[in-house]
Amino acid sequence: MTDSSLTFLSGAVPLLSVSHLTVEFLLENRPVPVVRDIGFEIYPGKTLGLVGESGCGKSMTGLALLRLTPRPGRVAAGTMIYRRGGETVDLASLDSSGEEIRRIRGGEIAMIFQEPMSALNPVYTIGQQIGETIRLHAGTGRKETRNRAIEALRRVGVPGPETRVDAYPHQLSGGLRQRAMIAMALSCSPRLLIADEPTTALDVTIQAQIVDLLKSLQEETGMAILMITHDLGVMADMAHDIAVMYAGQIVEHGPPEAIYAQPRHPYTQGLLASVPRLAATDRGRLSPIPGVVPQPGRMPEGCSFRPRCGFAFDPCTLPPPLRKTGARHHACCWLETAPASLQPSV
Amino acid sequence: MLLAGNGPRLFATIGVTSMSALLSVRALIKHFPVRRSLWRRIAGQVRAVDGISFDVERGETLGLVGESGCGKTTAGRCIVRLLRPSSGNILFGDVDLVTLTETQLKPFRRRIQMIFQDPQSSLNPRMTVGDVVGEPLRIHRLATGGELEDRVAALLGAVGLQPGDMRRYPHAFSGGQRQRIGIARALSLDPELIVADEPVSALDVSVQAQILNLLAELREQRHFSCIFIAHNLSVVKHVSRRVAVMYAGRIVESGPVESLYARPRHPYTEALLSAVPVPDPLIQKRRERIRLQGDTPDPAELPPGCAFHPRCVYAADVCRRETPVLREMELGVEAACHLTDTLDLKGVKSD
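Those protein sequences? They're chains A and B, same order as listed. As numbered in the numbering used here, residues 1 to 346 make up the first sequence, in order. As numbered in the numbering used here, residues 1001 to 1351 make up the second sequence, in order.
Okay, chain A solo, but in the shape it has when bound (with noise of 0.2 Å):
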């Protein structure tokens, strides 16, 4: 990938510009990297998604724009610029402990995560959690705080804020765990949520009202969303543009249209063919994808992808280039490049 800066829509200013990103954990002194030269925009008011499979890279990329890499992990190059009214911040370059990157975090930048249970604390309520975060971004007292704490419960529609506020996390149930850490990471109005897996855990009735609150949050606040899952049901609802992650790297990105309609890598083809369908009509099998996304640090030679792909050939044993295969649609494969008679179907 050589310029890997993604322009979903022109015109518009990307509240954020990734290039280059390049996350690295340190294992046994030897660097081995779990996102690799990645770059995606994020605008205002728009949804992002990014899919995959586990092991792909997804959450560490959501990780590392809030510097949150866990240690050994660090941020080893890119840049992620942040636009904030006139001036930009390159949040790769900010101290991961200092000031600057600590006021942005929870404040303007906001994560929600797959597990309530595990993300939320136990012993503090709910209203205390949630007030933590008011308190230190708008530095308000006790009493204003509670009451902005009952009024961020009151918006992801809990019923009763009044009462819940006062909930410890294991009396609410999945669904209101879920949307009481939303509520949290509302609280400051951030400009940019990233939402890791926030359906996943979820029931299908719970998983589609939290997606229909995540888009009417996001239609109130013009909030920028960056969605992670590695489901393509609910990608389809949410996403503007979507960036598919194979093996730490961006293997096909382009509008969902695109995407679902006629999709170019064969790893977007294997994950679309994989979802179980409610309109299917014969009850055959199902196409799933062999094998298992290859372990950071024992990628294959070449296109990452290749000892699970069908249509691997010769040029796969060298690295892929992106290449633009519509509007606003580009895809990482020697497909795009081979001849008509060696294209996969769609």
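Don't take each hint at face value.
[Claimed, not checked] Partial pick of chain A residues on the chain B-facing surface, computed with a CB cut under 7 Å: (1) Glu53; (2) Val204; (3) Leu217; (4) His230; (5) Val234; (6) Ser274; (7) Arg277; (8) Pro288; (9) Gly291.
[Unchecked claim] Computed cross-link-like contacts, SDA-like style, restricted to lysine to any residue with a CA-CA straight-line distance of at most 20 Å: (10) B:Lys1106 - B:His1140; (11) A:Lys46 - B:Arg1286; (12) A:Lys215 - B:Gly1294; (13) B:Lys1349 - B:Ile1283; (14) B:Lys1106 - B:Asp1094; (15) A:Lys215 - B:Gln1284.
The set of hints was computed from the structure by calculation and includes no laboratory data. This structure is a prediction, so every number in the text was calculated from the model and none was measured. Ideal Cβ positions, reconstructed from N, Cα and C, are used throughout, including at glycine.
Let chain A serve as the given structure and place chain B on it in line with the hints.
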């Protein structure tokens, strides 16, 4: 077939009682006491499973669907007798498993096995994969030494793992591989019935598809019957021939997959179908959807009348007063809804 005298129409059965049924569950109830106060007095009952009946025929897969807390897992655990039912009958062949003592149960434990949702917590981290998969064979004294090892190796092969994996520990495997280990263990005694409790919901889509295909393959080879418990209707459609939808401890609708998906008879089924996201932005963004508000009711304090009425968009007065019973709508299709005859519920059109 012996049907205990529990007022036969109070708990309607699913479908026609068939002579080839491997398992017949009748009026199964599991209540958990809620104890409060210093003296641990029983203060109430959590009605986790509240009178369900169904049959599983030989070689058939029955899908048991519903949200978390609807009692589907409790029902599954009663059937494998990890839990002792409060009342009801679980007829396996001619024997009622509910009445058996632990010792009497032992031969039946071989014939009914369970696959769990979370392959992380259901495998003992201190046992090698060989021990995990071979343990049932050892407990039932079916194989020892070299023969045990051979059978474990064959089982691992059947689920797509390597015989060499026998000496490794569960933590060295991915989620999908761990689920394969759980399946190999369940298969080790060549059971006639497998209760699979959300076996794929913790997995990535691609791995989920691998496991679903594996289960289908194994079923064809080994002809076991299966109760497939899940909350995702699109997954259930791929594996089952018949589906029973549970809500608040009861079955609210049941029928063959095709008719239940195309023409749901209970508003809850309609809402569940509507909630499954379609992986196509053009359809998904245009689709008219029913949004269920709120959560499933607390099974210790069920609402009066139809337990679904607080979340039902069609609810009328009668729904708040009277509890609906399962009625046969057409051959093999049953629903428990007062209004079902007047509603034209939306299903899913097949491709």
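Hint check:
1. Glu53: holds, 4 Å
2. Val204: holds, 4 Å
3. Leu217: Violated - the Cβ of Leu217 of chain A stays beyond 7 Å from chain B, reaching only about 16 Å at its closest.
4. His230: holds, 5 Å
5. Val234: holds, 5 Å
6. Ser274: The hint holds - Ser274 of chain A has a Cβ within 7 Å of chain B, the shortest such distance being about 4 Å.
7. Arg277: Hint on Arg277 of chain A: holds, closest Cβ of chain B at ~6 Å, below 7 Å.
8. Pro288: Status holds, d = 3 Å.
9. Gly291: violated, 9 Å
10. B:Lys1106 - B:His1140: Holds: Lys1106 of chain B and His1140 of chain B sit about 9 Å apart, inside 20 Å.
11. A:Lys46 - B:Arg1286: holds, 19 Å
12. A:Lys215 - B:Gly1294: holds, 18 Å
13. B:Lys1349 - B:Ile1283: holds, 12 Å
14. B:Lys1106 - B:Asp1094: Satisfied, since the Cα-Cα distance of roughly 16 Å is no more than 20 Å.
15. A:Lys215 - B:Gln1284: holds, 14 Å
Of the hints listed earlier, those the structure fails to meet are numbers 3 and 9, in rising order.
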